[in-house]
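*Asks:* Sequence:
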Amino acid sequence: MIVPKYTDLKISDEHLSEMESRIHPYSDIVIVPRWDGITNNSTTLREDLWLLTSRYIEEVRILNGKMIMGNIPVNLPSTYIDWLVDKYLNDGVSSFLIDYNSRATRGQANIVRSISKKLEDAELYDESLLFSINMRKTHDIGGISPADDLLAFTNGLDILGNLHIGGGDGEDHGPKRVKAFNRTEYTYDTCVGVLESVAKEIKIANSIQKNEETAAIRHAISEKGTAYDLLKEKVGAQEYTANAGSRQSTLSFGFNT
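Numbered according to our numbering, the sequence shown spans residues 883 to 1139.
These aren't lab readings, by the way, just hints derived from the structure by calculation. Here a beta-carbon is modelled for each residue, glycine too, at the ideal position from N, C-alpha and C. One thing to keep in mind: the hints can contain errors.
[Unchecked claim] Once the Cα atoms are required to be at most 25 Å apart in a straight line, the calculated PhoX-like pairs of lysine-lysine come out as:
#1 K999 / K1106
#2 K1000 / K948
#3 K1082 / K1092
#4 K1092 / K1114
#5 K1092 / K1106
#6 K969 / K999
#7 K969 / K892
#8 K1000 / K969
#9 K887 / K969
#10 K1082 / K1000
#11 K969 / K948
[Claimed, not checked] Now the in silico label distances, taken between C-beta atoms and shown as ranges:
#12 S909 / D973: 18 to 26 Å
#13 L945 / S1079: 41 to 49 Å
#14 K969 / I1086: 13 to 21 Å
#15 C1073 / N972: 42 to 50 Å
#16 E1005 / R1059: 44 to 52 Å
#17 L1011 / W965: 18 to 26 Å
#18 A1097 / D1008: 45 to 53 Å
Turn these sequences into a full structure, and let the hints steer you where they fit.
*Replies:* Shown next, in the form of structure tokens:
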């Protein structure tokens, strides 16, 4: 999957065609680009955003049978997001990339839930995907750092996207400050003064272990219809299991039983 970002306000048909042709050989799923030029500079945002999006979708559909995922930047006003999702659905696009723009998971849960409801109403829920990128890894509360990127699963996302194993500071070749995933508690532990080679190993281990825990969540859902019993034992998941909605039998995890 390739997620292009374009900062121009206007893009020619020739440019759109060239863009699609370059992405096509390297991507199994085609994602509508981030139109940063539009969202940052347009004075007629709705019209410009959908005009460019619809032109891109039309170009992609020429000699291309791959799945198309709509791009939903959560920094847009909620009314714009509802409108944009409806436009995508009307154009036959029912899977979405949700770009958190470095925002935390829980604050955007209502957006994911709203999209899921629209998919359910359109009877498209079981054949659609919600994929996340640019999500904030964690936040600190009560002395712990919940693994928000993994726990986003409990807010309705089907797949964890990129930038969930990033992070770290310091000079390029100096000691790093990185977060190591604690799979026992579903939290992050901060490691300070870590050598670059060790920091890379931690990030790789984070990715592997979170994928394994995601599989465990899916298995719990398949077996019991809910992952509540698994999550309630995890210190990092306490915010996510505090309400009765976490115990529902038809899950908002993106996996129906």
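*Asks:* Is the hinted pair K999 and K1106 satisfied, with a Cα-Cα distance of at most 25 Å?
*Replies:* holds (23 Å)
*Asks:* For the pair we were handed, K969 and K892, check the Cα-Cα distance against 25 Å.
*Replies:* Distance of about 20 Å is within 25 Å: holds.
*Asks:* For the pair A1097 and D1008, does the Cβ-Cβ distance stay inside 45 to 53 Å?
*Replies:* The hinted range 45 to 53 Å is violated for A1097 and D1008, with Cβ atoms some 20 Å apart.
*Asks:* Does K969 sit within 25 Å of K887, going by the straight-line distance between their CA atoms?
*Replies:* holds (21 Å)
*Asks:* Against the 25 Å threshold, does the CA-CA distance of K1000 and K948 hold or violate the hint?
*Replies:* holds (23 Å)
*Asks:* Given a hint of 13 to 21 Å, does the C-beta separation of K969 and I1086 actually sit inside it?
*Replies:* violated (39 Å)
*Asks:* Do the beta carbons of C1073 and N972 sit within 42 to 50 Å of each other?
*Replies:* Holds, at about 48 Å.
*Asks:* Is the distance from the Cβ of L1011 to the Cβ of W965 consistent with 18 to 26 Å?
*Replies:* Holds, since L1011 and W965 (Cβ atoms, about 21 Å apart) stay within the stated range.
*Asks:* Starting from the range 18 to 26 Å, see whether the pair S909 and D973 falls in it by beta-carbon distance.
*Replies:* holds (19 Å)
*Asks:* Would the pair K969 and K948 pass a check requiring their Cα atoms to be no farther apart than 25 Å?
*Replies:* With Cα atoms ~19 Å apart, K969 and K948 stay inside 25 Å; holds.
*Asks:* Given the proposed pairing of K1082 with K1092, does the C-alpha separation stay at or below 25 Å?
*Replies:* holds (16 Å)
*Asks:* Straight-line Cα separation of K1082 and K1000 no greater than 25 Å?
*Replies:* violated (40 Å)
Of the numbered hints given earlier, the model fails hints 10, 14 and 18; all others are met.
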